[in-house]
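Engineer: Line by line, the protein sequences are chains A and B. Going by my numbering, 76 is the number at position 76 of the first sequence; the sequence numbering is gapless. Adding 99 to a residue's 1-based position in the second sequence gives its number in my numbering.
Calculated from the structure, these hints are not laboratory results. The structure displayed is predicted, hence computed values, not measured ones. Even glycine gets a Cβ: it sits at the ideal position worked out from N, Cα and C. One thing to keep in mind: the hints can contain errors.
Calculated pairs, DSBU-like style, for lysine-lysine (alpha carbon to alpha carbon, straight line, at most 35 Å) [said to hold, decoys possible]:
1) LYS204(B) / LYS375(B)
2) LYS82(A) / LYS312(B)
3) LYS469(B) / LYS82(A)
4) LYS469(B) / LYS166(B)
5) LYS196(B) / LYS446(B)
6) LYS467(B) / LYS196(B)
Which stretches of chain A does chain B cover? Using the computed rule of at least three CB atoms under 8 Å from a CB of chain B, they are [said to hold, decoys possible]:
7) 20 to 31
8) 36 to 47
9) 52 to 66
10) 76 to 84
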Amino acid sequence: MTCPTRADRTDSMAALGIRVHPRDNVAVVVADVQAGDVVRLADGSEVRAVEAIPRGSKVALGPIAFGGAVIRYGEEIGRATKDIAAGEHVHTHNLAGTR
Amino acid sequence: MREEFVFQGWRRADGRMGIRNHCLVLATVACAAGVVRQVGQRLPAVVAVEHAHGCGRGGPDLGLQIKTLAGLVQNPNVGAAVLVGLGCEVVSARLLKGTLARSGKPVETVVIQEAGGSSRAADQAEALARRLLGELEELPRHRGTAADLMVGLECGGSDTFSGLTANPAVGEAADRLVELGGTVILAETTEMIGALGPLLRLAESEEVAAKLKAKVERQEARAREMLGPLADAVLAPGNVESGLTTIAEKSLGCIAKGGSSPIREVVDYGDRPSRKGLVVMDTPGYDIESMAGMAAAGAQAILFTTGRGTPVGFPAVPVIKISSNSELFEAMPDDIDLDAGTILAGKTARQVGEQIVDLLLRIARGEKTKAEINGQAVFAIAQEGPAF
Numbered sequence: 001m002t003c004p005t006r007a008d009r010t011d012s013m014a015a016l017g018i019r020v021h022p023r024d025n026v027a028v029v030v031a032d033v034q035a036g037d038v039v040r041l042a043d044g045s046e047v048r049a050v051e052a053i054p055r056g057s058k059v060a061l062g063p064i065a066f067g068g069a070v071i072r073y074g075e076e077i078g079r080a081t082k083d084i085a086a087g088e089h090v091h092t093h094n095l096a097g098t099r
Numbered sequence: 100m101r102e103e104f105v106f107q108g109w110r111r112a113d114g115r116m117g118i119r120n121h122c123l124v125l126a127t128v129a130c131a132a133g134v135v136r137q138v139g140q141r142l143p144a145v146v147a148v149e150h151a152h153g154c155g156r157g158g159p160d161l162g163l164q165i166k167t168l169a170g171l172v173q174n175p176n177v178g179a180a181v182l183v184g185l186g187c188e189v190v191s192a193r194l195l196k197g198t199l200a201r202s203g204k205p206v207e208t209v210v211i212q213e214a215g216g217s218s219r220a221a222d223q224a225e226a227l228a229r230r231l232l233g234e235l236e237e238l239p240r241h242r243g244t245a246a247d248l249m250v251g252l253e254c255g256g257s258d259t260f261s262g263l264t265a266n267p268a269v270g271e272a273a274d275r276l277v278e279l280g281g282t283v284i285l286a287e288t289t290e291m292i293g294a295l296g297p298l299l300r301l302a303e304s305e306e307v308a309a310k311l312k313a314k315v316e317r318q319e320a321r322a323r324e325m326l327g328p329l330a331d332a333v334l335a336p337g338n339v340e341s342g343l344t345t346i347a348e349k350s351l352g353c354i355a356k357g358g359s360s361p362i363r364e365v366v367d368y369g370d371r372p373s374r375k376g377l378v379v380m381d382t383p384g385y386d387i388e389s390m391a392g393m394a395a396a397g398a399q400a401i402l403f404t405t406g407r408g409t410p411v412g413f414p415a416v417p418v419i420k421i422s423s424n425s426e427l428f429e430a431m432p433d434d435i436d437l438d439a440g441t442i443l444a445g446k447t448a449r450q451v452g453e454q455i456v457d458l459l460l461r462i463a464r465g466e467k468t469k470a471e472i473n474g475q476a477v478f479a480i481a482q483e484g485p486a487f
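If we strip away everything but chain A, and leave its shape as in the complex, we get (with noise of 0.2 Å):
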């Protein structure tokens, strides 16, 4: 079995975006989207992409202010060094560890 594709997405059904705890402030997405592109969550919440994020990587489910803790799996994994809009790429630009 493989995982989903782009073309796979235009069906609405497939979850793009993985969201372990409902606390996360951030999803996985399982396929490369691209800016524009509409992020669906298992419970059939919505977050639109506003720039490319690659396959793996962490998008914004709302906005983080600049300081502000960015939570998975239902803890902080950091701080967003920079204000981060819903939808943006969330990786080392704008994350840092605080250890």
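Assemble the complex: chain A is given as a structure, and chain B must be docked to it using the hints.
Structural biologist: Relative to the frame of chain A, chain B by itself:
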């Protein structure tokens, strides 16, 4: 209805149950590696183990080496062993055999300097191993259950999906094994840095929590002292390429392997747990050294998750490799035993966890892992200090 978790294994003198019946030919020091390799080439039925340890280190490291090598011989998957030493080293064949006197396991020694050189030593070791292999074939089989199993958990070459697919699926399998009365070891203390919160919530008692916290904090302080900024050092380039950003993120994905059972005990590297259920062992994140600690404690099998893919196996201990994504499973079909990437296509972690338990049962019943088929077995012991 699920199949009952029952297999025919080998009950050892100390009461533990092996799922393999190997004759180990073990170098006690790096200098004996060539002889051990020769014996392995002549007798493919033995598990030949060479390594870079056995001498030239400070006391604490030599202690770890002796404990780990002795633990490997005592692993229930090993039925008998030939120890090959050089003659002038610290961890000599005789010293190691002395620590094994009470194991009740047939252990023979060969000393290269006394045997008259490497060829004669290889001849001696081969003859001894042939005899031991014959004796092992005669051993009766006994009924074993999940309660007889100690299963090590490991991840290597993690990617961003490891924490979403393979690790939670292994966590489900771990919960099932604990329910069935087995023991599961969560290791890799460096990969608990940043994930103490959820781990401490699983601790069975204040005492377990305090020990766990001390181990993780010590590992973090040590890593910081030696490596500088943690994220740069502890996250490999492949982790970051795959989408993992911070050490806490990697750790939180990593500890999902342990599942949700209470943590009964925290043990040091290579030490045998005294409790069943979920146990934490203080090991490095480096997978080879971590597996050595769990094998020395008596783990008969290891569940190994990987996102980037790795061929590694371990001597005498079947290593079941589980991919976090289906692309990897398709790209390295000869190395990966089971695909947890199916979770991205709609399977649940619980369903894949059941697949893992079923596969573990087949492995316990004698089916070979990919690493066993490929003869992939590497061995290294965790060390604290520099070489002298």
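Engineer: So, for every hint listed, does it hold in this structure?
Structural biologist: Okay, the hints, checked on the actual structure:
no. : hint                  : verdict
1   : LYS204(B) / LYS375(B) : holds (24 Å)
2   : LYS82(A) / LYS312(B)  : holds (32 Å)
3   : LYS469(B) / LYS82(A)  : violated (46 Å)
4   : LYS469(B) / LYS166(B) : holds (28 Å)
5   : LYS196(B) / LYS446(B) : violated (49 Å)
6   : LYS467(B) / LYS196(B) : holds (30 Å)
7   : 20 to 31              : holds (count 3)
8   : 36 to 47              : violated (count 0)
9   : 52 to 66              : holds (count 5)
10  : 76 to 84              : holds (count 3)
In terms of the numbered hints stated before, the structure departs from hints 3, 5, 8, listed from lowest to highest.
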